[in-house]
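Number of protein chains: 2
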Amino acid sequence: MPHEQSAAPDDSALTPLRRRIDDIDGQLLELISERARLAQEVGRVKHARGEPVYRPEREAQVLARLAQINAGPLPAQSIRAVWLELMSACRALEAPLSVAYLGPEGTFSEAAALAQFGSQIETQPCASIDEVFRSVEAGGAGFGVVPVENSTEGSVNRTLDLLMGSSLSICAELALPIEHCLLTQTGTLDGVTEVAAHPQALAQCQAWLSAHAPQVARVAAASNGAAAQAAAKTPTLAAIAGLGAAARYGLKPVAQAIQDDPHNRTRFQVIGRVQTQPSGADHTSLILSVPNRPGAVYDMLAPLAEHGVSMTRFESRPARTGQWEYYFYIDVAGHQLEPRIAAALEALRTRTAFFKLLGSYPVKA
Amino acid sequence: MPHEQSAAPDDSALTPLRRRIDDIDGQLLELISERARLAQEVGRVKHARGEPVYRPEREAQVLARLAQINAGPLPAQSIRAVWLELMSACRALEAPLSVAYLGPEGTFSEAAALAQFGSQIETQPCASIDEVFRSVEAGGAGFGVVPVENSTEGSVNRTLDLLMGSSLSICAELALPIEHCLLTQTGTLDGVTEVAAHPQALAQCQAWLSAHAPQVARVAAASNGAAAQAAAKTPTLAAIAGLGAAARYGLKPVAQAIQDDPHNRTRFQVIGRVQTQPSGADHTSLILSVPNRPGAVYDMLAPLAEHGVSMTRFESRPARTGQWEYYFYIDVAGHQLEPRIAAALEALRTRTAFFKLLGSYPVKA
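Those sequence lines, one after another, are chains A and B. Following UniProt numbering, the numbering of the first sequence begins with 1 at its first residue and continues without gaps. Following UniProt numbering, the numbering of the second sequence begins with 1 at its first residue and continues without gaps.
Hints are not guaranteed to be accurate.
No copy labels: a pair is met if it fits in one copy or bridges any two.
Said to hold, decoys possible - Derived pair list, reagent style DMTMM-like, types lysine to aspartate or glutamate, alpha-carbon separation capped at 20 Å:
id	residue 1	residue 2
1	Lys46	Asp190
2	Lys356	Asp161
3	Lys46	Glu338
4	Lys356	Glu34
5	Lys233	Glu194
6	Lys356	Glu51
7	Lys364	Asp299
Hints in this document: simulated from the structure, not taken from any laboratory.
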């Protein structure tokens with residue numbers, strides 16, 4: 001007999017349980033097939049009316065309802081993962097959805113695309129954020145996934161610039177967690193005198209560094225990747241970066257998840273030509289600008305306060321044109337088709353020198 | 001009213017269909033919860049007997065059975081994707097499975113881990129293949145996913161060496177497609193005189209290059225990544241590489257999927273301490289060596305022929321020890337617990353100077 005092989009286990013206790021699971025799987029398959037046929041009918045109706053197959057707000061509602069009626073034992077995140085694949089499969093029956101994103105180097109962008117659309121899509125990795133926009137604008141891809149806010153990289157400015165000039169709408173948003181690690185050549189801090197990272201990463205790991213490596217001097221680097229590259233050449237240098245950088249530069253983690261905020265995340269937005277309907281839990285993004293005079297920003301925001309609309313994000317960027325001082329990227333809670341939001345937006349439009357609505361989209365409840 | 005916004009669509013045709021889908025979703029949720037409770041019972045039985053929760057052969061059987069009884073409209077691959085998440089969710093209820101793999105740089109390894117285990121796992125990216133083995137051997141991860149055969153990279157020799165010295169078994173196998181692209185600075189072949197790539201990649205794209213770029217000289221590079229890096233500095237140089245390299249080095253694709261074999265793939269194996277039971281469609285991997293004398297290899301293989309066992313892979317590697325000339329990595333169709341295979345293996349063992357069984361594992365039917 002071959003060695004290293006345990007005998008066949010006694011399955012008398014497991015066999016009846018497995019039969020019942022097989023039986024349930026058969027029933028599940030029938031129901032899922034029935035659901036797919038209904039989705040095909042929905043697709044035919046939409047097709048006849050020239051409407052898009054993918055409705056992010058409808059999928060958000062389905063997931064929210066399931067989270068509400070779920071009595072366990074599976075946690076909400078597992079139910080979500082199963083239905084994501086189920087909806088992805090039903091969608092793909094109609095017409096395979098093509099999704100563009102920033103290519104494999106930004107593994108996070110691909111992960112975001114799969115987390116939003118499930119696995120039954122045609123992925124279209126692009127060499128740049130510009131290409132993601134171009135591909136969706138030209139119809140090569142139905143949707144694009146772009147990073148919009150990243151705790152350590154500056155590159156999302158490119159996304160903001162492209163949103164400004166594009167005719168595409170934001171139709172969904174999601175966030176993925178980001179983890180910082182302390183990396184050295186040996187996997188220990190022995191002999192290490194300095195730690196390098198992007199200033200934002202250093203700031204995000206301040207508490208951990210003060211507690212665990214108070215004697216190590218902090219050095220700013222152009223990026224966490226550059227810091228890891230330098231650490232790979234310098235035994236006395238540690239770097240803060242992701243495990244990807246450890247793999248790439250042959251470094252070892254001294255500690256993982258050292259960022260002070262365990263909920264450190266990168267936010268992505270989905271761009272496309274779909275105009276969503278209200279899902280019940282939506283945000284609306286817009287870009288504004290006002291003439292450069294005292295009190296202008298305060299005045300600009302008055303309509304939001306008057307209509308009881310809350311801002312969830314307010315970011316200013318210097319304008320390149322010189323025509324205005326700043327552009328303001330603003331997210332508000334609510335959908336542009338809700339009367340209260342529509343009224344506030346209309347008032348904003350009349351008060352601003354520049355006004356662009358980027359879209360309303362469902363957010364996770 | 002805000003601009004760029006279509007009116008709310010008339011949903012009178014869609015609403016009844018969506019109600020039926022919601023109704024089915026409710027039934028699905030009940031069945032899935034019942035399935036999860038049964039999986040918990042299975043887990044309790046296994047736990048009492050000290051058996052592992054993850055049985056790759058059982059999951060392979062569940063998927064094979066579903067593929068068989070599935071009458072559509074969803075294709076087998078969609079059913080597979082849904083059940084992968086369902087089984088992943090049920091498994092995670094018991095004890096979250098921790099899976100080690102070669103870190104984010106090899107995006108493919110992470111994709112392979114998710115394709116094998118579904119999303120409800122604790123992922124453990126490692127800096128090297130050695131670390132993947134160490135982590136599983138030390139119990140830090142329950143399973144590891146390692147590349148074993150890669151059409152363009154030589155690094156899998158490391159996996160073969162580590163398998164030789166490890167006490168872990170191969171308990172599953174899967175393959176992911178690999179796509180070669182022709183990349184240049186401009187996205188065209190204008191002014192391009194040379195194309196660089198790893199020799200294997202050049203060979204794999206021979207037909208395409210002869211048909212579409214016969215005037216371009218072919219140049220061997222250390223790796224496709226190195227070729228892309230060189231092309232980023234040289235306007236007259238094209239590179240063959242993946243889209244990841246395009247993103248990393250700012251190159252543009254002239255053409256995608258130019259490999260002559262559209263089924264170009266990387267094969268991964270899952271390593272762990274689980275000894276699988278026969279699933280009905282299994283392979284068995286082993287390492288052999290024979291003394292260096294004429295006819296030794298032929299003699300070595302005789303037991304396989306005598307017992308009617310077919311080889312699915314035969315690979316030789318020079319031994320480093322000098323004690324034997326070569327090691328042979330052999331895969332055969334069948335499970336080591338099938339009497340015919342067991343008899344052949346026993347006969348092989350008596351004829352070889354070195355014999356190591358790496359494991360039996362389910363393969364996709």
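- Message: Flag every earlier hint the structure violates by its number, smallest first.
- Response: 1, 3, 4, 6, 7
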